Amino acid sequence: MNIKNRFIFSLIVSFPMFIGMIIMPFGYELPGGMWTMFLLTTAVMVISGRQFLQSAWASFLNHHANMDTLVAIGTFTAYFYSIYAMLTHQPVFYESAAFVITFVLLGQVFEEKMKHAASGAVEKLLDLQAKDAEVIRDGQTLKIPLTEVNVGDIIRVKPGQKIAVDGVITEGSSTIDESMVTGESIPVAKKVGDTVIGATINNTGTFTFKAAKVGDDTLLAQIVELVKKAQTSHAPIQKIVDKIADIFVPIVIIIAILTFVTWYIVLSASFVQAMLFAVSVIIIACPCALGIATPTALMVGTGRSAKLGILIKNGEILEAVNSIKTVVFDKTGTITAGKPKVTDIIGDQQQVLEVAVNLEATSEHPLAAAILTKAQEVGIAVQGAQNFTALEGKGIQAQISNKQAFIGNQKLLADYQLDEATAAKMLELQNEAKTVVLVGFDGQIIGLIAVQDTPKKSSAAAITALKERGLRTVMLTGDNEHVAQAIADQVGIDEVLADVLPGDKAAKIKKLQQQAPIAFVGDGINDAPALTTANVGIAMGSGTDIAIESGGIVLVKNDLQDVVLALELSQKTFNRIKLNLFWAFIYNTLGIPVAAGLFAGIGLTLSPELAGIFMALSSISVVASSLLLNRVKLSHTA
Amino acid sequence: MDKIIIVVLALAIIAFIIWWFFGKHTAQEGTAEQQGNLQNATVVVNGGYNPSTIVLKQGLAGQITFHRKDPSSCLERVVFPDLGINDFLPQNQDHVIKIDTSQAKTFEYACGMNMYHGKVVVK
Numbered sequence: 001m002n003i004k005n006r007f008i009f010s011l012i013v014s015f016p017m018f019i020g021m022i023i024m025p026f027g028y029e030l031p032g033g034m035w036t037m038f039l040l041t042t043a044v045m046v047i048s049g050r051q052f053l054q055s056a057w058a059s060f061l062n063h064h065a066n067m068d069t070l071v072a073i074g075t076f077t078a079y080f081y082s083i084y085a086m087l088t089h090q091p092v093f094y095e096s097a098a099f100v101i102t103f104v105l106l107g108q109v110f111e112e113k114m115k116h117a118a119s120g121a122v123e124k125l126l127d128l129q130a131k132d133a134e135v136i137r138d139g140q141t142l143k144i145p146l147t148e149v150n151v152g153d154i155i156r157v158k159p160g161q162k163i164a165v166d167g168v169i170t171e172g173s174s175t176i177d178e179s180m181v182t183g184e185s186i187p188v189a190k191k192v193g194d195t196v197i198g199a200t201i202n203n204t205g206t207f208t209f210k211a212a213k214v215g216d217d218t219l220l221a222q223i224v225e226l227v228k229k230a231q232t233s234h235a236p237i238q239k240i241v242d243k244i245a246d247i248f249v250p251i252v253i254i255i256a257i258l259t260f261v262t263w264y265i266v267l268s269a270s271f272v273q274a275m276l277f278a279v280s281v282i283i284i285a286c287p288c289a290l291g292i293a294t295p296t297a298l299m300v301g302t303g304r305s306a307k308l309g310i311l312i313k314n315g316e317i318l319e320a321v322n323s324i325k326t327v328v329f330d331k332t333g334t335i336t337a338g339k340p341k342v343t344d345i346i347g348d349q350q351q352v353l354e355v356a357v358n359l360e361a362t363s364e365h366p367l368a369a370a371i372l373t374k375a376q377e378v379g380i381a382v383q384g385a386q387n388f389t390a391l392e393g394k395g396i397q398a399q400i401s402n403k404q405a406f407i408g409n410q411k412l413l414a415d416y417q418l419d420e421a422t423a424a425k426m427l428e429l430q431n432e433a434k435t436v437v438l439v440g441f442d443g444q445i446i447g448l449i450a451v452q453d454t455p456k457k458s459s460a461a462a463i464t465a466l467k468e469r470g471l472r473t474v475m476l477t478g479d480n481e482h483v484a485q486a487i488a489d490q491v492g493i494d495e496v497l498a499d500v501l502p503g504d505k506a507a508k509i510k511k512l513q514q515q516a517p518i519a520f521v522g523d524g525i526n527d528a529p530a531l532t533t534a535n536v537g538i539a540m541g542s543g544t545d546i547a548i549e550s551g552g553i554v555l556v557k558n559d560l561q562d563v564v565l566a567l568e569l570s571q572k573t574f575n576r577i578k579l580n581l582f583w584a585f586i587y588n589t590l591g592i593p594v595a596a597g598l599f600a601g602i603g604l605t606l607s608p609e610l611a612g613i614f615m616a617l618s619s620i621s622v623v624a625s626s627l628l629l630n631r632v633k634l635s636h637t638a
Numbered sequence: 001m002d003k004i005i006i007v008v009l010a011l012a013i014i015a016f017i018i019w020w021f022f023g024k025h026t027a028q029e030g031t032a033e034q035q036g037n038l039q040n041a042t043v044v045v046n047g048g049y050n051p052s053t054i055v056l057k058q059g060l061a062g063q064i065t066f067h068r069k070d071p072s073s074c075l076e077r078v079v080f081p082d083l084g085i086n087d088f089l090p091q092n093q094d095h096v097i098k099i100d101t102s103q104a105k106t107f108e109y110a111c112g113m114n115m116y117h118g119k120v121v122v123k
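Chains as they are written, first to last, in our numbering: chain A, 1 to 638; chain B, 1 to 123.
Since the hints were made in silico from the structure, they are not lab data.
As the structure is a computational prediction, the values presented were derived from the model and not from experiment.
Note that beta-carbon positions come from the ideal geometry of N, C-alpha and C, so glycine has one too.
Wrong hints could be hidden among the right ones.
Claimed, not checked - Away from chain B, derived, C-beta distances all over 10 Å, residues of chain A:
1. H63
2. M67
3. R137
4. V188
5. D216
6. K229
7. H234
8. A245
9. V249
10. I257
11. I265
12. G470
13. V474
14. L628
Unchecked claim - Estimated spans, in silico, between C-beta atoms of each pair:
15. N92/B to I154/A: 45 to 51 Å
16. T65/B to Q90/A: 48 to 54 Å
17. D127/A to P90/B: 20 to 26 Å
18. V632/A to T65/B: 58 to 64 Å
19. Q58/B to A361/A: 28 to 34 Å
20. T206/A to T31/B: 42 to 48 Å
21. D132/A to W20/B: 55 to 61 Å
22. G23/B to A507/A: 47 to 53 Å
23. G393/A to T31/B: 51 to 57 Å
24. Q34/B to Q140/A: 44 to 50 Å
25. P25/A to G23/B: 30 to 36 Å
26. D94/B to A507/A: 49 to 55 Å
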């Protein structure tokens with residue numbers, strides 16, 4: 001019999017005793033008197049209460065005690081005492097046992113319902129998946145189930161259809177609603193060459209795309225996996241609770257015995273009175289509320305943030321966010337759009353670009369992409385270069401037409417001279433927040449290329465919001481001081497650490513950490529060491545390329561506002577955990593003395609039935625408090 | 001006289017509780033049965049995990065079969081935080097959980113409320 005049926009049974013069977021309790025002051029009694037009560041309570045104990053006893057006994061044999069132990073001891077004490085009292089013609093307490101069982105089961109029914117609601121986020125995410133896909137094979141369109149889609153398949157998507165898997169558009173264009181995965185509510189326009197995400201909805205156009213990731217590799221599958229892990233993780237704060245829970249139940253039983261002895265022996269109360277105090281102690285002290293305080297809040301918090309495209313990896317991260325004093329940002333791709341453009345070329349445009357493009361053709365540096373794009377626009381073809389060598393921290397050099405060519409940053413000035421006019425031009429460009437690249441050929445610098453990467457629209461607002469939260473903002477970049485400062489001024493960053501080599505980022509973070517705990521925000525691809533070094537690593541992704549492993553918090557969208565939202569959600573969730581634990585503790589520390597009759601002098605006592613109600617309420621209120629996290633207002637709901 | 005007996009009895013029960021719940025009791029350790037290319041260990045869930053420690057061989061595909069006898073809602077879920085598993089264990093039925101044995105590692109697991117603990121050691 002499941003919990004719900006056990007509850008319904010005990011509710012119906014104990015109801016006559018409830019009537020009996022009400023009519024008793026008027027001098028009426030249930031027909032059959034205490035024998036009716038005996039039969040009804042026995043039915044409740046056997047049908048609804050037996051499983052508490054079973055579980056308590058099994059635990060006992062394992063040297064364990066749990067809430068079932070308490071319920072079983074409390075109710076069966078009242079039950080067996082009542083049988084003894086009935087046979088010796090003394091007052092009985094059958095209804096206490098039956099009512100407590102009913103209330104405890106009521107609490108469990110509610111708890112089960114709410115726990116289900118709290119853990120539902122993951123299942124809802126999986127439901128987002130498309131069920132089938134229209135695959136074009138051998139010129140024919142076939143409708144096949146999702147599981148049979150392979151990497152490389154060409155899939156056609158009509159308006160209104162769900163996109164089956166992750167891939168790249170090969171034909172056509174459309175606008176796509178990606179809100180279910182990224183949290184971004186505005187549909188995104190996509191054309192040939194753009195990536196699409198599985199489980200998102202195609203709005204307007206028909207297009208075909210080539211499947212790139214299927215099954216467990218898709219973004220959605222990875223998100224689900226991450227959320228699952230987060231929801232089963234433990235916050236460090238939980239460790240204390242676990243220690244307490246381990247010894248809690250035996251301690252409570254000891255307290256109950258001491259309560260009985262004190263009342264009966266020391267205070268000379270009647271046997272019945274002393275026993276009722278002891279039973280109340282046992283019933284009220286259920287550690288349920290303590291046990292579910294953290295897991296339910298964690299589930300709701302991580303589930304809600306996942307829906308907004310913010311993936312918090314585990315409870316440890318959640319707790320760490322609370323001590324953060326400084327937020328460090330990577331510049332390129334984080335504060336800025338990460339798509340730099342060539343704005344100025346100083347020197348002979350044709351020659352400078354030709355040298356530059358040949359050197360950068362195989363590079364993956366974001367600046368290289370800008371130079372390649374510019375070369376394409378002007379119509380310069382890549383010839384190629386030989387004997388590439390990296391100039392550590394400065395740039396690269398190689399042979400072009402058997403002559404030495406090089407490209408790099410201003411650290412090259414240690415080896416090469418710059419004429420005065422060009423040097424002045426360079427400073428001017430840098431003050432305009434442009435990154436300047438020096439291009440050299442045959443032993444001398446032949447020109448400059450200025451590249452500019454503009455801040456994202458949301459960056460300034462996000463930085464302001466972080467500052468309002470009392471956080472210090474720092475920008476970390478490999479760019480030189482002038483450019484970095486210019487960008488920092490545009491978005492309002494407090495502090496700039498420029499000229500940092502990629503390999504030194506983690507070291508800089510370590511240094512900053514000595515002052516205060518740090519969150520580092522990076523793009524997750526180049527910044528892995530810094531992300532793992534920081535107390536909280538926040539990896540920003542765009543589309544399917546998110547590097548899920550590197551950050552403690554992963555932002556699916558490439559929007560700085562989500563950093564604010566992530567910090568806020570983590571804090572709210574952690575505060576909720578603390579609140580839950582506080583209530584659970586307070587409830588027990590206040591409840592046990594009252595139940596033990598410490599305040600009996602001022603008329604404050606708890607009967608076992610009332611203790612049962614309070615116990616049910618405590619777990620219900622904790623789960624309800626966790627569920628309320630779903631409704632907590634956030635300052636930025638983008 | 002009655003009162004003295006009750007006090008003595010109460011003290012005896014308290015002493016027993018302390019010894020029984022807080023004293024050192026050796027935990028059972030179980031190993032897996034090999035069935036072809038698979039090693040399977042069964043854990044009975046009844047007032048705890050029996051045996052609470054399972055040893056698996058590294059490199060051989062491994063699984064744990066949980067069999068829940070306990071009716072309590074306390075033990076109805078099993079949680080492996082490292083594996084992201086939070087599974088419902090149907091009462092009186094087998095529930096299989098696959099364990100990654102590619103590396104020597106200890107996987108701790110617990111019930112939904114983190115009150116009962118067990119572990120799987122891969123070595």
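Consistency of the hints with the structure:
| no. | hint | in the structure |
| --- | --- | --- |
| 1 | H63 | violated (5 Å) |
| 2 | M67 | violated (7 Å) |
| 3 | R137 | holds (33 Å) |
| 4 | V188 | holds (30 Å) |
| 5 | D216 | holds (12 Å) |
| 6 | K229 | violated (4 Å) |
| 7 | H234 | violated (6 Å) |
| 8 | A245 | violated (5 Å) |
| 9 | V249 | violated (8 Å) |
| 10 | I257 | violated (5 Å) |
| 11 | I265 | violated (5 Å) |
| 12 | G470 | holds (32 Å) |
| 13 | V474 | holds (33 Å) |
| 14 | L628 | holds (20 Å) |
| 15 | N92/B to I154/A: 45 to 51 Å | holds (49 Å) |
| 16 | T65/B to Q90/A: 48 to 54 Å | holds (51 Å) |
| 17 | D127/A to P90/B: 20 to 26 Å | holds (22 Å) |
| 18 | V632/A to T65/B: 58 to 64 Å | violated (41 Å) |
| 19 | Q58/B to A361/A: 28 to 34 Å | violated (46 Å) |
| 20 | T206/A to T31/B: 42 to 48 Å | violated (58 Å) |
| 21 | D132/A to W20/B: 55 to 61 Å | holds (58 Å) |
| 22 | G23/B to A507/A: 47 to 53 Å | holds (51 Å) |
| 23 | G393/A to T31/B: 51 to 57 Å | holds (55 Å) |
| 24 | Q34/B to Q140/A: 44 to 50 Å | holds (47 Å) |
| 25 | P25/A to G23/B: 30 to 36 Å | violated (49 Å) |
| 26 | D94/B to A507/A: 49 to 55 Å | holds (52 Å) |
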